[in-house]
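Using the sequences and the accompanying hints, generate a full structural model.
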Amino acid sequence: MFDLRVLATYLGLLVLAAPTALLVLLGLTALAGVRIREATISRGVQGATVVGLIAAIGVLVAMLLSGDRHVVVHVGDWVAIPHFHFSLKFVFDRLSVPFVILSLVLCGTIGAFAASYLHREAGFNRFFVLLSLFMLGMILASLAGTIETLFAGWELVGVSSALLVAFFQERAAPVRNGLHVWSVYRISDAALLVAAVLLHHLTGEGDFDKLLGVGGFWPENHTTISSHQALAVGLLLLVAAAGKSALIPFSGWLPRAMEGPTPSSAVFYGALSVHLGAYLLLRTSPLIERSPLLAIIVVCLGLSTAVLAALAGRVQTDIKSALSFAALTQVGIIVAEIGFGWHYIPLIHMIGHACLRTLQFLRASSILADYRQLENALGRRLPGIAPPLQRLVPLAMARWTYRLAFERGYFDSLLTDYVVRPMLAVLKGCDALERRWTNFLAGRSSRESDELTPAAGSLEDLA
Amino acid sequence: MNVLQFPWLLGAVAVPLIGAAVVGRVRQVERAQYLTVIWMALTLAIAVGAWGEFALSGAVSASDPWLAGGTLVLGLDELSAPLLPLAALMYLLTTITTLRTKVRRFSFPLALVALALLLALLTAVQPWVQIALAVAIAVPPYWELRARNKPTGVFVFHMGLFAILLVGGWRLVETYGTEVVPWWVCLPLVVALLIRCGIAPLHCWITDLFEHATFGRALLVVTPMVGAYLAVRLLLPIAPPSVLQGVGFLALGTAVYAAGMSLVQTEARRFFCYIFISHAALVMVGLDTVRPIGLTGALCVWLSVGLSLLGFGLTLRLLEARHGRLSLARYHGLYEHTPMLAVCFFLTGMASVGFPGTFGFLGSELLVDGAVQSYPLVGVAVVIAAALNGIAVMKVYFLLFTGTRHVSSVPLGIGVRERFAVLAILSLILGGGILPQPGVVSRHHAAESILKQREARFPAATEPREWQEHALLGPLLQPDRRRE
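Just so you know, the protein sequences line up as chains X and G, in that order. The working numbering numbers the first residue of the first sequence as 1 and each following residue consecutively. The working numbering numbers the first residue of the second sequence as 1001 and each following residue consecutively.
The reader is advised that the hints may include incorrect statements.
Using C-beta positions, here's what the derived DEER-type ranges look like [stated by the list, open to error]:
hint: 1; chain 1: G; residue 1: Val-1410; chain 2: X; residue 2: Ala-369; range: 57 to 63 Å
hint: 2; chain 1: G; residue 1: Glu-1174; chain 2: X; residue 2: Leu-415; range: 49 to 55 Å
hint: 3; chain 1: X; residue 1: Lys-210; chain 2: G; residue 2: Pro-1459; range: 42 to 48 Å
hint: 4; chain 1: G; residue 1: Arg-1419; chain 2: X; residue 2: Ala-122; range: 38 to 44 Å
hint: 5; chain 1: X; residue 1: Asp-417; chain 2: G; residue 2: Val-1029; range: 32 to 38 Å
hint: 6; chain 1: G; residue 1: Lys-1452; chain 2: X; residue 2: Glu-38; range: 39 to 45 Å
hint: 7; chain 1: X; residue 1: Leu-303; chain 2: G; residue 2: Val-1410; range: 56 to 62 Å
From the derived model, a few chain G residues whose C-beta atoms are all more than 12 Å from chain X [said to hold, decoys possible]:
hint: 8; residue: Val-1003
hint: 9; residue: Leu-1035
hint: 10; residue: Ala-1041
hint: 11; residue: Ser-1057
hint: 12; residue: Gly-1075
hint: 13; residue: Val-1125
hint: 14; residue: Gln-1126
hint: 15; residue: Leu-1172
hint: 16; residue: Glu-1174
hint: 17; residue: Glu-1179
hint: 18; residue: Leu-1187
hint: 19; residue: Val-1232
hint: 20; residue: Ala-1371
hint: 21; residue: Val-1422
hint: 22; residue: Ala-1456
Rather than coming from a laboratory, the hints here were simulated on the basis of the structure. Glycine included, each C-beta is placed from N, C-alpha and C at the ideal position.
This is the structure in structure tokens:
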């Protein structure tokens, strides 16, 4: 009779190995300048996803059969020196297994869809390299047993998202939006990194089992740190989650992210990436339970995001933006559910919502054809949807609400006007001071770069 | 001190000097470049040999065999051992990637002399020899500026001040022998090192050098981080904790300031310059923590930043060779023409900000850990600087490689030598990221030996300070008494 625990461990390793192998294959061939056929790439993605998915389901079956609800795959210490070690530890439990299966199912679906959708597109290979990077990031973040491993996965998801928003890179608008998304993600990453360091100093460990694993495994576990400590760490994690899941005040990046190709919009902003912040809060839910004030803040943030997103979604003029705000409404509700101290409801909500939203995003490009079909079947135009309460709202308030929704709560403008612009103005002032100082020392104009002319001295000029 | 079996160190210094004498006689520039590459490759092989023998011996320090009996001049320790091949590699790759259109501007004999001076500095044991070499290293860039008829005022002012303060400061420190040196005595030395490290507001010579010198020369002056090396050799063993804390705060401020400044630059060289200043300041932050984790992080970041910013700078240099000085006021859309350079630019940029899978990742983690431990609250500035640097790198990647369609009448793809350089750097960055343990352990040993040197004067300085002692964080992070 074989040991189910050992089998689960080996299958767990396979779950990690499949996306890693895919990334190595696609990444190295791209680096070496070797061109791979579209069909080969597509088969590679399908193969890695299917292998990973079967292994993940195998882990689930082994866990169910053995009754073990917490399988740890300890790959070893990546780095170990006195006072510091980075442990490569992955946990399969009641939270991570459903999320990993969801990630693999959706990445596989998107991979299959994108193979046709991006057929003969110039960036076909680039898309799949980034998709494999994203898939690896999701798997690492979902299964992470330590906050450092989660951070590594978190960053991979971030960079692949930003580059996919800028996928159509010969135009300026997607690129600008990609940079906006990346800027918000960097704030989120910074908050998560500080939280990780803080946890290290408070508990001497970044290990979730040691930090949050008292009294059982998720969701029965709790933490031993004080409520003040939980509040400090929890607030940092909340900022990280808000950045990744587009919660207030960072909601502005979500419609911008729709510049990317539809398959990536579906899997990133409709399904997986946008839920990663909520997943982080769910993983660290014992901290929220430890601090009532933190729980109240989480609920308020979730509900206010849901309300704002519901309003903003009503004034969007394109289907992808409307869907993105619809997704954000649900994410806000999920976050509020986490704040209420529920565990399985937000998890189920997340999985159901991700699947539904992926389907909607994938159908988005053919929505006009769908409408036409419906209207032909009905023999008349489809009726408009106007909520009955709308007529009861005074006109002035309706206008005010419209503007609020249209400007997405003014959060983008506030951040731009009161954070970004003043900061850039100060920096430009410092630049001017430096220029005066170097001009003084040089005794003449010290900046050749000021006299820069387009393409001066280039190979093309010589040719 | 162990004795090396072969005179590697003497060879590492002598070979580029002989090479300079040989190459100086060659009139044809392509042949001069070819010969320079051979001499530099030979120097790199010797440097790797020295590092290899030192690492295999397991010794804490080692010297050349023929010098062991007399006055010790050249030696190697945990800190300098990997820096030797890194310096040789920097010079080799910069020479290899010098395009034909630029070979007349870049002096190859001068590059060989500069390499010899740098390797001599890294292997010099006596402080006065180190000081003399550190001052001498500033001469080749000055020659180049003069030869190209560029303004030298900013460079001469800063380097002159550096030389005077370094010599005077060390003379002052020496009068105290093995006693504890008062903080005010350290000041001239500190200011000299702040200038060489490019700590704000004494950093303007770096931006000026990048404006006027050839990109290759400027890269080779700053990327070996001579200032940080001198700080470890001259300042760390003698400076009181208050001085180091002051330098640490200045470095933290510089890291954030330079990261912010990189966001508002409108030209690629200046952008690179500020990114480099920010990273060099982060290394200084880690060094000044004088704690094992922070110091290990700083030494790891030193190596990773040296490599990644070298790759980053070389990529910009290769782009400049094709397109002239690069404005950041518009999109260039070069991805289609030079995808390999785009990938290299992106990966080296991400490696410099500590992206997962690169050697910089763990170095950054250790550095943040050490900085937050030493400077609670203010240490978070390290994370802010890293975040701003990440945004700046992505912004410039988008500006240079995307945003428009670039139409070119000539092929702009990279050649075999450039591909070799790019792949060599990427393999080291990614290899070090996937298997970081040997590198981190070696840097940890170096950190321990630095701390041991310091323990002779300041035994308490390495004791970790508890967070609970901090005035602001202490009450917030106290354990919950009621619960206990």
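Each hint, compared with the structure:
no. : hint                                 : verdict
1   : G:Val-1410 <-> X:Ala-369: 57 to 63 Å : violated, 45 Å
2   : G:Glu-1174 <-> X:Leu-415: 49 to 55 Å : holds, 54 Å
3   : X:Lys-210 <-> G:Pro-1459: 42 to 48 Å : violated, 33 Å
4   : G:Arg-1419 <-> X:Ala-122: 38 to 44 Å : violated, 22 Å
5   : X:Asp-417 <-> G:Val-1029: 32 to 38 Å : violated, 54 Å
6   : G:Lys-1452 <-> X:Glu-38: 39 to 45 Å  : violated, 59 Å
7   : X:Leu-303 <-> G:Val-1410: 56 to 62 Å : holds, 59 Å
8   : Val-1003                             : holds, 29 Å
9   : Leu-1035                             : holds, 25 Å
10  : Ala-1041                             : holds, 23 Å
11  : Ser-1057                             : holds, 21 Å
12  : Gly-1075                             : holds, 25 Å
13  : Val-1125                             : holds, 27 Å
14  : Gln-1126                             : holds, 31 Å
15  : Leu-1172                             : holds, 26 Å
16  : Glu-1174                             : holds, 31 Å
17  : Glu-1179                             : holds, 31 Å
18  : Leu-1187                             : holds, 22 Å
19  : Val-1232                             : holds, 19 Å
20  : Ala-1371                             : violated, 9 Å
21  : Val-1422                             : violated, 9 Å
22  : Ala-1456                             : holds, 21 Å
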